[in-house]
Amino acid sequence: MNPIPDGDSIRMEDTGVLLARVRSGDMVARNELFARYLPVLTRWAHSRLPRTSRDLRDTGDLVQETLLRALGRVHEFQYRGEGAFLGYLRQILVNALRDDARRARSAPDPTTLDEGLHVVSLSPLEEAVGRRRLDAFDEALDRLAPEPRLGVVLRVEFGLSYQEIAEATGRPTADAARTMVSRALVTVAKSMGGRV
Amino acid sequence: MTEDRLSHGDSDPLDAAASDLADLRNVDWEELRRSHPDLGSEIESLEALARIASVCAAGEEHSPGSDPPSLLNPGDRLGRFLVEREAGRGGMGIVYKAVDERLDRRVAIKVLPRHARSVEWTERFAREAKLLASLSHPNIATIYTMEEGPDGRTYLVMEWVPGETLRSVIARGPIPMRRALEMCLEIGEALDAAHEGGVVHRDLKPGNVMVLPSGRVKVLDFGIARSLDRGSDSDGEGRSAGGGISGTLGYLAPEALEGNDDRRADVFSFGCVLYECLVGSPAFPTGPRRGESPASPADRLRGEPSASTVSRPDWSALPVATLPSIQDLIRGCLEFDPRRRIGSMRTVLQAIESVVGKVRRPTSVLPANVPEPTTSFVGRETELTECRAMFARSRHVTVTGPGGCGKTRLALRVASDPDEVGAGVVWFVSLESVTDRGRVELAVAAALGLEDLPPEPLIDRLAARLGAESGLLVIDNCEHVALAVRDLIGRLDASCPAIRFLATSRLALGCPGESVFRLEPMAVPSVEEIRDPVRLRECESVRLFLDRMGAAADDLRVDAEALGAVAEICRRVEGLPLAIELAAARTVVLTPVEVLSRMDHQLPMLREADRARAGRSSALRDTIAWSVGLLHEDEERAFRAFAVFADGWDLPAASFVLAESGDEFETLDVITRLAEQSLLRVERFPDQTTRYRYLEPIRQFAAEVLRDTDLESEVRRRHVAYFVAVAERARTELHGPGLGACLDRLDRDHENLLAAIAHVERSPGVEDALRIAVGIHRFWQIRGHVRIGQRVLDRLLERITEATPDRLAAGAFLARALLVIHAGRFSVLDDGPVDPTALRRLLETALTRFRRLGDRQGMASALNALGIEHNSHGDFGAGSAALEEARSLYLDLGEFRGAAGASNNLGLAAWLRRDLPDAYRLIGEGHALMEGRGDLRFESIMSTNLAFLSARLGFRADAAKWLAKAKGLVEGMSDTTEPAIGVVLCGAEIAEAEGRDPSAAWLFGAADRMLAEAGVVLTPEQPYWHEHDACVARLLERMGRSSFDEEYEAGRSVTTAQALRAVAPPRP
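Going down the list, the protein sequences come from chains S and E. Sequential numbering from 1 applies to the first sequence in my numbering. Sequential numbering from 10001 applies to the second sequence in my numbering.
Among the clues, some could well be false.
Chain S side only, calculated, beta carbon under 10 Å to chain E, not exhaustive [stated by the list, open to error]: (1) Ser-24; (2) Asn-31; (3) Ala-35; (4) Leu-68; (5) Glu-127; (6) Gly-130; (7) Ala-136; (8) Phe-137; (9) Ala-140; (10) Gly-159; (11) Tyr-162; (12) Arg-183; (13) Ala-184; (14) Val-188; (15) Lys-190.
Listed below are several chain E residues computed to face chain S (Cβ distance under 8 Å; list not exhaustive) [stated by the list, open to error]: (16) Ala-10022; (17) Asn-10026; (18) Val-10027; (19) Trp-10029; (20) Ser-10041; (21) Leu-10046; (22) Ala-10048; (23) Ile-10052.
Ranges between beta-carbon positions, derived for each pair [unchecked claim]: (24) E/Ser-10325 x S/Ala-174: 51 to 59 Å; (25) E/Arg-10102 x S/Arg-98: 42 to 50 Å; (26) S/Gln-78 x E/Gln-11058: 33 to 41 Å; (27) S/Arg-98 x E/Val-10527: 49 to 57 Å; (28) E/Asp-10559 x S/Asp-14: 42 to 50 Å; (29) E/Asp-10532 x S/Ile-92: 29 to 37 Å.
If you are wondering where the hints come from, they were derived from the structure by calculation, not from laboratory data. Every residue gets a Cβ at the ideal spot worked out from N, C-alpha and C, and that includes glycine.
Bound conformation, chain S alone (with noise of 0.2 Å):
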């Protein structure tokens, strides 16, 4: 592990020392994997968000909000590398989206006022894969065991690498994880197959 440097350096440090820096109160460390990671999850957020529902909120507040939420928790979590991070990260996110999904909905009806917003929006994935085929990849993922599941997010949704991969689902040689998400992905498929 590397060496807890002073609060003046402007070295970047794993993300497992900044976490255990978190953890005993370091608000430094917070800010810095804050930093880090923001801008990580804003981008794939934008790849889930409707259009129109960032008008009222900020794709950037809901990311910020969500990781301010999870860096709060830290604690909850054990580290098992960067990648096993961004895949916590990703899953509270995903919790986010969901609600606030489900609190659009059941917004009060849409008055005559705003009928300029009834055409139906749709995210940059669903555009690219249609609404159905993404929640049927949401499903199939879900099906998936913990560790292929953070092996095909990291690899598909991050693009991380095999090294990354392997220490973050704990498999021993990047060639583990690359067998374990290439056969997640065929199951991924399969399962996905018999439902659209």
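We have chain S; now place chain E onto it with these hints.
What follows is chain E alone, placed relative to chain S:
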């Protein structure tokens, strides 16, 4: 394994494609589909996964082109506002530039987006509106109103602030030192005022600060600001449920990440803004650096350290010329540990002022002769807006209201921003010490800096001085020289067309064209607010108290008990700001709970402790005495006499108390004069009656000057006589068609009735008190004042002697017994079960006395009650005998209601004996006696009884008829508690019997909620309720616990009206 083998040599085409996909290599999907048509859907899914990976890798950024359509378009109308264009959007809504056509001014409208209209968002929006409205400051964008449009959409109408954001200014480069400090001083003023008002901004950043063309700065977007106190709406982690954790990274204090932010979090953000102004770039940059090309997510995580990981601001970037004290200030603001950070904006402001001097402060628009208040202005946002708006219609506004309600403060507040009322200059004249009408002109001239130089008339010099100006002349404290002020304004008005007049006075001046702004005391906490500490702290009067005790934001000093005491004090002084301020001042040496315990003596309590500083407005007594001193003799006598009333009065009572054969018109004149002097308040009720009352401090003053005078014994005697008559009238009315109106009247006069009883109790004989108690015992019973009634009667019964008239004593025993029966039935008391022996003794004592007197009316009443009592203990023989006798007595007397009641009670006895046909016959007879006689309550109860019985007897058509009748009667009544419960229970029972199980469970839920609210406990003595538990048990068995619970809980959440609507008749 090698990549080659995986991609080309694998025998399973899906595995091969998946491997390529996993390795982010291109796959020829067309070819794959052609060669493996049997795997079509799996291949399609893999292709979809490839597209997902590709979209994620591309990291599509949100581009302005993909904005959703606007909610409003130019030319659209929201109420009186005409939309010009969209001006911006943020997390909390879209902002439009618009015109208020009524007031002809430009406004900004913030509209809540459609998707966001969940309760949470709406509440958040409402909170923003409330907070903004509570901040009246030249450096804070003012909120005008928050309204709900005809479309149900909420919109917030705010001051339109022209100019550019501080962010745009900084984008052009660092701001010169002095200018940066001046701007930050104004930002600091805004934050300081907000903190004083109990509001934290929580999202201060250059993008939320507008720089006006004039150079003035305004802080915007308190979109996530919220009250400093946290309470019931926090989620246990200290975060506000509606607000969430918000703020902008890079300006957010570290502790705010945990939701533990207070005003010190704003100090941190302020430090960030000041740093950025001086350096030209953020103290804590975050996100992609400017000009950086989008990288893949993984690259981002793996990439070189960005500037965002800098732990501390780059202090070397500060301009070389930055003074050490400013560097220290920024470091002090940017301390990560809030305990080590500078604690308040006031300290920050002092530090900046010590460098740049006191830059033009907001209050500096006041000329030298306008007194600068020493305390902050709290609340009164609506009044301020309305008062200012009056100047759009009139050049002369008079603020009236009782002494101590804050007229001068409001006027000074209006004067602090003369632009708002279309004036450029302000003059302030206080007439407080001007006792001679002839000196009014001189006082005004002195305020304008003019001397009286005879022979030129002073009025001409005044007109010449004011004639050329567009100014606001504030004339404070006019009531004692009202005529002189009226004359002066009348004469200046014509020659000074650009002058506006703002007068304060306890009575209107009566000038032509005068607009009167009536300033009421502050809003006091409602019952709902008292239950909710968060809302309680937002209540205007409570805010004032907390502010003045210096604890607006200090949760530790004001715990729940103290806050409750503060709320009660505010109620006791009826929201009178002066009284609140004086009470709060006592918290230097007493706790709020101790202050509250002394509120019965408000006049000595509520005065400035420091006599040297005490002026007319520093003691409540003096300010009231000042008004009373302006009264004529007859008015002053009436003022004292009315102190005899405990809680307001009406015109007949006032006339009687002033003189038994008083002239109502004379009384009316006196009351009018007192109202004009703002000494009493006029209250109008929906039934077109008017009552008058003193604010509590004024009542205490009046009582003080009434005490131990000849007048006191005279008016107390008349007060008792008047309310004895009221009670004796009520005794009849409470049994007739006028019941509802009578109950309403007694509600209003209850305190007076109790005061009259208490006064009589202090004298040797208590007959008059007995008359009142016997007269209104049924009111106590119906309105749930049973405990009060029992205590009064217990005290009075002890004082019954041989000399007490028998009829009165017997009536009192009976009244006491009826209250016991009622209490037992409704379990309204927690004194344990009713003692049946004591109850019977009371009834028999009453009956014996009535028999001795030959009072058949009294005998019948006592027998009826005795019958009910016997029946409730299963002694149906004795019960029926008593009821039979009662019924025949009532019939002899022609008392149909009594006879019907006895019949009904006989029927209930039969019902308890399970003799349903006899019960149906007897109650039917009772109903026939009562039908159409106007006692809706009684008739509805009997109809419900008949509905129950006919349903149980299987007479479906009859059951439908009676149920419909009972429902119809209940819907036409004001006090529906008991009858409505019966109807809903009957509906539930019928639904259960017919197998409409979900409806039955729902209706039982509704009925049980109503029972619980009315405090009614089902007992075996209520025959039509004994099926309740059996029905519920059967439903549970048939429906299962979860289905039953679902319906039952749904039923519990509906209103009485909804429950009644859902009651369906039996199937034909």
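A quick look at each hint next to the structure:
With a least beta-carbon distance of about 14 Å to chain E, the hint placing S/Ser-24 at the interface is violated under the 10 Å criterion. Annotation: interface hint on S/Asn-31 holds; nearest CB of chain E at approximately 7 Å, less than 10 Å. Taking 10 Å as the C-beta contact cut-off toward chain E, the hint placing S/Ala-35 at the interface holds, the least distance being around 3 Å. With a cut of 10 Å, the hint placing S/Leu-68 at the interface with chain E holds, because the nearest CB-to-CB distance is about 5 Å.
For the restraint placing S/Glu-127 at the interface with chain E, the shortest Cβ-Cβ distance is roughly 8 Å, inside the 10 Å limit, so the hint holds. The interface hint given for S/Gly-130 is met, as the beta carbon of that residue sits about 8 Å from the closest beta carbon of chain E, less than 10 Å. A hinted interface residue such as S/Ala-136 counts as satisfied when its beta carbon comes closer than 10 Å to some beta carbon of chain E; here the least separation is about 8 Å, so the hint holds. The interface hint given for S/Phe-137 is met, as the beta carbon of that residue sits about 7 Å from the closest beta carbon of chain E, less than 10 Å.
The interface hint given for S/Ala-140 is met, as the beta carbon of that residue sits about 8 Å from the closest beta carbon of chain E, less than 10 Å. Because the smallest distance between the Cβ of S/Gly-159 and any Cβ of chain E comes to about 4 Å, under 10 Å, the interface hint for this residue holds. With 10 Å as the threshold, the beta carbon of S/Tyr-162 comes within range of chain E, its nearest partner Cβ sitting at about 9 Å, so the hint holds. Because the smallest distance between the Cβ of S/Arg-183 and any Cβ of chain E comes to about 7 Å, under 10 Å, the interface hint for this residue holds.
A hinted interface residue such as S/Ala-184 counts as satisfied when its beta carbon comes closer than 10 Å to some beta carbon of chain E; here the least separation is about 8 Å, so the hint holds. The beta carbon of S/Val-188 comes within 7 Å of a beta carbon in chain E, closer than 10 Å, and the hint placing it at the interface holds. Contact between S/Lys-190 and chain E, as hinted, is supported at the beta carbon level, the nearest pair being about 5 Å apart and thus within 10 Å. Look at E/Ala-10022: its Cβ gets to within about 4 Å of chain S, closer than 8 Å, so that hint holds up.
Evaluation of the E/Asn-10026 hint against chain S yields a violated restraint, the C-beta minimum of about 15 Å exceeding 8 Å. For E/Val-10027, the interface hint is violated, the least distance from its beta-carbon to any beta-carbon of chain S being 12 Å, above 8 Å. Look at E/Trp-10029: its Cβ only gets to about 12 Å from chain S, farther than 8 Å, so that hint breaks. Given hint, E/Ser-10041 at the interface with chain S, holds; its Cβ is 4 Å from that chain's nearest Cβ, closer than 8 Å.
Checking E/Leu-10046 against chain S: minimum C-beta separation of about 4 Å stays under 8 Å; hint holds. A hinted interface residue such as E/Ala-10048 counts as satisfied when its beta carbon comes closer than 8 Å to some beta carbon of chain S; here the least separation is about 4 Å, so the hint holds. The interface hint given for E/Ile-10052 is met, as the beta carbon of that residue sits about 6 Å from the closest beta carbon of chain S, less than 8 Å. A C-beta distance of roughly 57 Å is found between E/Ser-10325 and S/Ala-174, which places it inside the suggested range of 51 to 59 Å.
Distance hint check: the CB atoms of E/Arg-10102 and S/Arg-98 are about 45 Å apart, consistent with the given range 42 to 50 Å. With their beta carbons about 51 Å apart, S/Gln-78 and E/Gln-11058 fall outside the hinted range of 33 to 41 Å. For the pair S/Arg-98 and E/Val-10527, the supplied restraint of 49 to 57 Å is violated, since their beta-carbon distance comes to about 39 Å. Between E/Asp-10559 and S/Asp-14 the beta carbon distance is about 46 Å. The supplied range of 42 to 50 Å therefore holds.
Checked against the hint of 29 to 37 Å, the pair E/Asp-10532 and S/Ile-92 passes, with Cβ atoms roughly 31 Å apart.
Violated hints for the displayed structure, listed by number in ascending order: 1, 17, 18, 19, 26 and 27.
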